[in-house]
Amino acid sequence: MTFRDQLPEVVERTGYKHDFDMVGQWFPKVGVWWKDAWNCHQFHANSEFFADFGTFDVKITVPQNEIVGAGGDLVSSHPNSDGTKTLAYHSEDVHDFSWAASPSFTEKNDSWDGPNGPVAIHILMSPGHMATYPRYLSNLKGTLQLFNDWYGPYAYDRITLIDPPHGGLDAGGMEYPTLITAGTAWDMPKGLLAPEGVTEHEFGHQYWYGMVATNEFEEAWLDEGINSYTEVKVMDALYGKNTSTMAWSFAQMGEHGQQRAGYLGSDDSDAIAQFAWKYRNSNSYGAITYGKTATMLATLEQVIGEDTLRQAIHTYFMRYRFTHPTGTDFIKTIEEVSGKDLKWYFDQAVYGTNVFDYEIDDAHSDPLKWWDTSMAHPKPADGIYRTYVTVRRKGDFIFPVDLEVKFDDGTTATEHWDGKDRWFRYQYDRKAQIVSAEIDPQTQLYLDRNFFNNSYVERGDARATHKFRNLWVFVSEWLSQLLAWLT
Amino acid sequence: MDRANYGNSISGAGLVWKWQRLLWWIFALNLVFAFFATQGMVDRLGPALDHSNASQYFVHGFDVSQMAALASQPDSPLEFQGPAVIHFSIVFMILMLFFTGGILATYVRDERPAPGIFFESCGYYFWRFVRLLIYMLIVFLPIGGLVALASMMYSRIDDRSISPYSAVHFFLAAAIVILFLMIVIRVWFDMAQVIAVAEDEKRMHKALRLAFSLFFRNFFSLLWIYLRAAVVACLIVGLCLYFWMKKLPPEATLVAFLLSQFMLVVWIAARLWQRASESAWYRRHAPVVAQEPAWTPPPVIAPIAMPDPEPYTPPTT
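Residue numbers (the numbering used here), protein chains in the order written: chain G, 174 to 660; chain H, 4 to 320.
One should not assume that every hint holds.
To give an idea of the chain H side of the interface with chain G (calculated C-beta under 7 Å), a few residues [what the hints assert, rightly or not]:
id, residue
1, Ala31
2, Gly43
3, His54
4, Ala71
5, Gln76
6, His90
7, Ser92
8, Tyr127
9, Thr256
10, Ser263
11, Leu267
12, Val268
13, Trp270
If you want the ones that stay clear, here's a sample from chain H, every Cβ over 12 Å from chain G, calculated [as the list claims (entries may be wrong)]:
id, residue
14, Gly17
15, Leu34
16, Met96
17, Gly126
18, Ile179
19, Phe192
20, Lys205
21, Leu238
The set of hints was computed from the structure by calculation and includes no laboratory data. Virtual Cβ for every residue (Gly too), placed ideally from N, Cα, C.
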C-alpha cells in the first residue's frame, strides 16, 4: 500500500514547527479483528487509539543534520550522496510507530536498570529548555522504578522523550509506544511540577495503552482513567501527597486534589463507561474520563484497601499485557483479587451518573433537662447534655460512611452509617457538649463532590474566610490604584 | 543628580509627612471600597467555611485544588465579585480625580487643609482635571497603538523563532519603552496639574504647554523625582511580597492583612511623594519659568453685602 502524508503545522500532537517535526498518526492503521469483527473507528475529536500489535521496520530519510528520536531500536544509519541520511528502525510488540526530528535538538542519553536489563533513556531537548532536562530524567527514572515495583516490568529496552520546542507545545503531552512527548517552557518555575506530571502521565501510557492495549474509542477510561490514577500514586510517592503538582510556600496542590478538581469541573452528565464520541462535550469527556476515573479508583481504596487495589492492578497488567482487555476484565480482576462483590460500587461509579454528596445536616448539644431554667447556665447541675447529629445523603450515590463526633471532654464517638437512607440522626446523652462532627474523617472519599459540608465544627474558625477576603481586598485595592494613576 | 533635586524629594517627603492625613484618608477610602466590593463573596464564603474542618486546607497552607473544588460548588461561594470590584474601582478613580485639586493645593500652599478649604479646592479644580484626563487619554491613544503594534510584533517574533528568548527579549524591551513613555506622559501631566493649581491656570492646553516646556527643559531632574519614589515603593512592595509569599506562616492571617495594607500605604505614599516633590520643585523653579505672576489663591466667595433689614415693627391695630 502506498500513501502520501503531509504534516500540518503542529496541531493535536502532530505536525511541524520551524525545524521541528513530530511525526505521529502518520500512516493508515490496520483495523483490529476483535470480538469476531473488524473494529475500525473513524477519527473522533475526543478519542485517540485502538490498534493491534505488530512488528515495525521503518526507514526514515532526513537531512543529515537532523537529530531523530523514534519509537524503535536504531538498526542502521547510512549517509546518502544528496545530503540526506537514511535511518532504519525496528520495533516489536507495539501497535504504533512515531518519530520526531529537529536539527536544534540537544541529545541526552542515560539508562535505568530494570529487571529485564538496562532501559536506554533517550531525551531530545529543544533550545532554551535544558534547565528542565534533570527534571525529566529524574521523573522518568522514578516512574520506571515505581511502575516496575507496583504494576509490573517494563517490557521494552528503550524509552525516548521528546521535548517540543517553543511554539510547538501542541506536540507535547502525547504517548506512542516507547516514545513520549512532554512539554516545558524556558521560565518553568521549580514549584510547578508540570514537566514532571506530563512525563509521568505519558510514560504511564506505556502500560495503560502501550502494553495493555484497550480500546480507547469505546472505553477511554481504561487508559486515560487508570493512567490518571497511577499518575496520582506515582507523583504523590515521588513528590509528596499535597505537593505533587504545585509546591510553593504560598500555594500547594497534590495530584489527588488536581484529579478531583478536574472531575468537579464538570457535572455528572456522563457515565465513565461511555463511548468517547458520545460524551456531552469535550469538557465532560476530560473531566469524567481522566478526573472521575482517578477519583473513583482513589475512593475504591477505602472499600478494598490501597494495597489490594495495587495488587489488583498489578494482576490486571500481568494478565492482559499485549492483549485488548475490556472494562469488564478490569472490574472482574479487581473483584477477584479483593474477594469482594463490587457491583454496587461500579454500577454507580462507572456505569451510572450517581452524585456522591454526604453532609452533616445538623449538630448541636442542649441541656437534657432543658425546662429547668436554673440549670441552664453556665452548665446544667447534672451536667448532662443531649447531642444530636444528623447526617444526610444529598446525592443519589449510596456509600457507607464513617462519622466521628468529638466532645468537649475529649471523648469521641465513631459511627458507621450504611448511607442508604436519605438521612439519619444520632443521639448522645453525655456530660459533654459537641465540639465537632465529621463524615469521612480521614478524607478518603474523594468522589464526594463537596468536602466543605462533610463536617461541622461548633467553634467557628474564620481564618480561611479572612484569608480569601484579604486576597480579594488586596486585588481590588490595586485595581483601584491602577485606575487612580490615570488621574 | 544635583543637591537641589534631592532637596525637592526631601521637601516632598516632608510635605507628605506633614499632611499625612491625606495619605490616611485615601488609604481608608481605598480599603473601605475594597471591603464593600468583596462583601458579597464573604457573605457566601463564611457559611461554607467558618464551621467546616475543610477550611483548614486554606488555613495551614493554601490548597489550590480545594479552592477549585470550592469554586465549582453549585452556589459558587468563591465567585469573585468582578463587577463590584470594577465599579468601586471606577468610583475610587473619580473620587481621586476630585481630590487631586485639594491634595495639590495643600502641597503647593503648604497650609493646613481645613476641610472646607480642602473640598473647595477639590471642586474648584475638578473640571480642569477632568479636561486634563481627557487630554491624557488622547495622548495615550498612540501609546495604545504602540502596545498593539508591539503585541503584534511579539506574536510574530514568537511564532517565527524556535528559541523562546527572542520574543522574551523583545517583550522586555517593548515593555520598558512603553512604560518609560507612560511615565514621561504622567510626569508631564502631573506638572500640568501643579501649574493649574499654582498659577490658577484655567486653560488646560496652556498648562500642558507650559508643563511640556518646563518638563523637557528639566527632563532628567523631574523624571528622577518621579522614578526615585517609584523605585523606593517598588522595592518595599517587592520585599513585602517576598516576605508574604516565602516567609510568613500561612496561619498568620492578621499579619498578612497588615502587610498587604502596609504595601498599599507605601504605594499611595509614593504617589503622594511624587506629587509633593513636583509641587516643591515647581515652587523653587516657578519664578524663573512662569510668565505669569505667582499663583493666586482660589477665589473665596465673599458674602454678598446685604442692607441691614428694617427693624420689625408690629402692625398696629
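These are the hints, each one checked on the structure:
1. Ala31: Violated - the Cβ of alanine 31/H stays beyond 7 Å from chain G, reaching only about 11 Å at its closest.
2. Gly43: violated (10 Å)
3. His54: holds (5 Å)
4. Ala71: holds (4 Å)
5. Gln76: holds (6 Å)
6. His90: violated (11 Å)
7. Ser92: Given a least distance of 4 Å, the restraint on serine 92/H holds.
8. Tyr127: With a minimum Cβ separation of about 16 Å from chain G (threshold 7 Å), the hint on tyrosine 127/H is violated.
9. Thr256: holds (5 Å)
10. Ser263: holds (5 Å)
11. Leu267: holds (5 Å)
12. Val268: At about 10 Å, which exceeds the 7 Å cut-off, the nearest Cβ of chain G leaves the hint on valine 268/H violated.
13. Trp270: At about 6 Å, which falls below the 7 Å cut-off, the nearest Cβ of chain G leaves the hint on tryptophan 270/H intact, so it holds.
14. Gly17: holds (23 Å)
15. Leu34: Non-interface label fails for leucine 34/H: nearest chain G Cβ at 7 Å, not farther than 12 Å.
16. Met96: violated (4 Å)
17. Gly126: The assertion about glycine 126/H holds, with a minimum of 15 Å to chain G.
18. Ile179: At roughly 18 Å from the nearest Cβ of chain G, isoleucine 179/H sits farther out than 12 Å, so the non-interface label holds.
19. Phe192: At about 9 Å from chain G, phenylalanine 192/H fails to clear the 12 Å cut-off, so the statement is violated.
20. Lys205: The claim stands: lysine 205/H keeps its Cβ more than 12 Å from every Cβ of chain G (closest is about 19 Å).
21. Leu238: Consistent with the label, leucine 238/H stays out of reach of chain G, its closest Cβ about 17 Å off (over 12 Å).
Violated hints for the displayed structure, listed by number in ascending order: 1, 2, 6, 8, 12, 15, 16, 19.
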